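J.: Here is how the chains run, residue by residue.
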Amino acid sequence: MSSVVLPAPAQAPPRKGLSEETFWGIVLLVPYFAVFALFVVFPVLYGIWIGSSPSAYRKLFEDPVFLSTIVNTIVFLLVAVNVKMVIALGLSAFFLHEKAWIRWLSVLFLIAWAMPSIPTILSFRWMLNPEWGMLNALLFKWFQIDGPGWLTERHYGLGWAIIVHIWKSLPFWTLILLAGRMGIPKDLYESAAVDGATRWQTFRYVSWPSLRGLYLTCVLLSTIWSLGDFNSVYLLTGGGPIDSTHVLATLGIRYLRMDQVDVALASIIVAMPAILPIVWYMMKRLSAEHTQD
Amino acid sequence: MKLGRDWPLYLIGIVVFLWTIIPIYHLLIIALSPQQEAVASGLFPRNPTTHNFELVLGAKHNMVQFFWSQLGASVFIAVMVALITLVIGACANFAITRIRIKGGRTITNIALLTYLIPAAFLAIPMYKTMGAYGLVDNPWSLIFAMVALASPYAIWVMNQAATKIPRELDEAAKIDGASTMQIFRYVYLPLMVPTMVAIGTYALLLAWNEYLYAFLMLATENRLTLSVALGNFLAFDDAPWALLMATGVIYALPPTAIYYAFRRYMVSGLTAGAVKS
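Here the protein sequences come in this chain order: G and U.
Under the working numbering, the residue at position 215 of the first sequence is numbered 215, and the numbers go up by one with no gaps.
In short: position in the second sequence from 1, add 1000, done, that's the working numbering.
It should be emphasised that the hints constitute simulated quantities derived from the structure, not laboratory data.
Being a predicted model, the structure only gives us computed values, none of them experimental.
There may be inaccurate statements among the hints.
[Unchecked claim] Cross-link-like lysine-lysine pairs, in silico, DSS-like; alpha carbons within 30 Å at most:
| hint | chain 1 | residue 1 | chain 2 | residue 2 |
| --- | --- | --- | --- | --- |
| 1 | G | K186 | U | K1164 |
| 2 | U | K1060 | G | K284 |
| 3 | U | K1060 | U | K1102 |
| 4 | U | K1164 | G | K284 |
[What the hints assert, rightly or not] Where chain G lies over chain U, by a calculated footprint (3+ residues, C-beta under 8 Å):
| hint | stretch |
| --- | --- |
| 5 | 1087-1098 |
| 6 | 1113-1123 |
| 7 | 1190-1200 |
| 8 | 1239-1249 |
[What the hints assert, rightly or not] Covered by chain U, per the in silico footprint, the following chain G stretches (three or more residues, Cβ under 8 Å):
| hint | stretch |
| --- | --- |
| 9 | 61-71 |
| 10 | 237-251 |
| 11 | 257-269 |
| 12 | 277-285 |
All residues carry an ideal CB built from backbone N, CA and C; glycine is no exception.
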């Protein structure tokens, strides 16, 4: 409704120095830059600095808990990530079915992800209590079996930590892979059906080629995020019995609580050779994707 | 019934249902059991009672004596994280997608690098950093930490939403003589409301649900968030589990309700990004 049409400034030749737009662009980026510098970059540099004393590494390698923690972490990552992603891949096909009850189930299925993790982990912990927990009580009542100490034996403890971790994060990855499957054009499936493809062939030659890239991204991201999962182990077993179920995520905090910050950071820095290739690969993927736009 | 061909679907459905519901069901029945019976474990509570909830809401047990101030701390921190993330995210996003400042893509990518640091690994130097800033045992340390963790996702999702706003709107406003900040206020913000709802909810839940950072950075008992207070129950061998579960239910209800209320917004932002990659 403006009555006067101003000469369009967009067509004016670019001025030297800061235009009004660029000035505001920089000003508007300052808050995020400040947060990123103060609470991401600085902690990382500070951490590298604290964790750079050789004596910290000597203490770390002399600690017998360190070796078992490395083993636990590798087992945790290999099992948790792969089992979770394969199940998520399968479930995403299940939730693709257009049936009302499956849609309702998918809404309910999300609750594990929607709920905060603390109450459910504590629920698991109490359920698994060897003397008073529901699991052993029912095992005895129904099968007259004396259940083991689910959280007081290393292998069971770690196994349950993996289950709790999968329980919490499965809906998220299923949702991502479901979105990936929804992006596959329907006519591909129709022509596969016309050609008489079996279920396996349809997956192998239609779904998988489209999902492969996304699946790999999910596995890598999930590896990093699972490496940072503190809650599933700490709140379930507390790293015990006798520090036998620690993973790197809880070991660092254990050293921090023992006032050995340098050892805590050393325990993180030793994991870098495993993480940095993933980071490098993910960054390459991200920037490649952007140049395609 | 034509169970025949569909039986594998039903089987998977039953497994998925049980898998999802068992820990939550267990949480609820223990919360509804009398203190002494939280140990007598059957599939159903024999004498269901709301006594535990009364104890928690009335702060009438020494384990829950700070319930209301801890709830207040959780609310304050979650709301502040949501607000600050929205402001920071919208400003950065406007600069990147509307002003199209040079290197906007790179800025987004570098921000996303934050998520390639495992959370528990960043927590330790972050804790030391808060000490260096003099923020230990101060709710603002947790607020800033969570803002740093929520902002990259906010910027990323907003970038995708903002590129769908036609540039002609900005051009038209410019021709009408609008300044950059007027475009921000009157063109950009109103169109971004749905995305801002999603991001605000995301940041709110992220902060409310956080355990590790809160556990490290807060110490004074009546200023803890509820998540840390719940974890602290475990310090006692004879923890009153029924009370713990009741507190857990109360703590879990608001975020779950909010999540389901805004589910559509939340899921679409997330999956839009997933399909692209």
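J.: State for each hint whether it applies.
T.: Here's how the hints hold up against the structure:
For the proposed pair K186/G and K1164/U, the alpha carbon gap of about 25 Å is at most 30 Å, so the pair holds. Annotation: proposed proximity of K1060/U to K284/G is violated, straight-line Cα distance about 56 Å (limit 30 Å). For the proposed pair K1060/U and K1102/U, the alpha carbon gap of about 59 Å is over 30 Å, so the pair is violated. The suggested pairing of K1164/U with K284/G holds, with an alpha-carbon distance near 25 Å, which does not exceed 30 Å.
Residues of the stretch 1087-1098 of chain U with a Cβ under 8 Å from some Cβ of chain G number 8, which satisfies the need for three, so the listed coverage holds. Residues of the stretch 1113-1123 of chain U with a Cβ under 8 Å from some Cβ of chain G number 11, which satisfies the need for three, so the listed coverage holds. Check on the stretch 1190-1200 of chain U: 0 of its residues sit with their Cβ under 8 Å from a Cβ of chain G, so the three-residue criterion for coverage is violated. Coverage of the stretch 1239-1249 of chain U by chain G holds. Counting CB-CB distances below 8 Å, 5 residues qualify, and the rule asks for three or more.
Interface restraint, the stretch 61-71 of chain G with chain U: violated (0 residues with C-beta to C-beta distance below 8 Å; minimum three). Under a criterion of three residues with beta carbons nearer than 8 Å to beta carbons of chain U, the stated coverage of the stretch 237-251 of chain G is upheld, 4 such residues being counted. Restraint check on the stretch 257-269 of chain G versus chain U: 4 residues with Cβ-Cβ distances below 8 Å, three needed, restraint holds. Residues of the stretch 277-285 of chain G lying with their CB closer than 8 Å to a CB of chain U number 5, which satisfies the three-residue condition for coverage.
In summary, the structure is inconsistent with hints 2, 3, 7 and 9 from the numbered list given earlier, while agreeing with the others.
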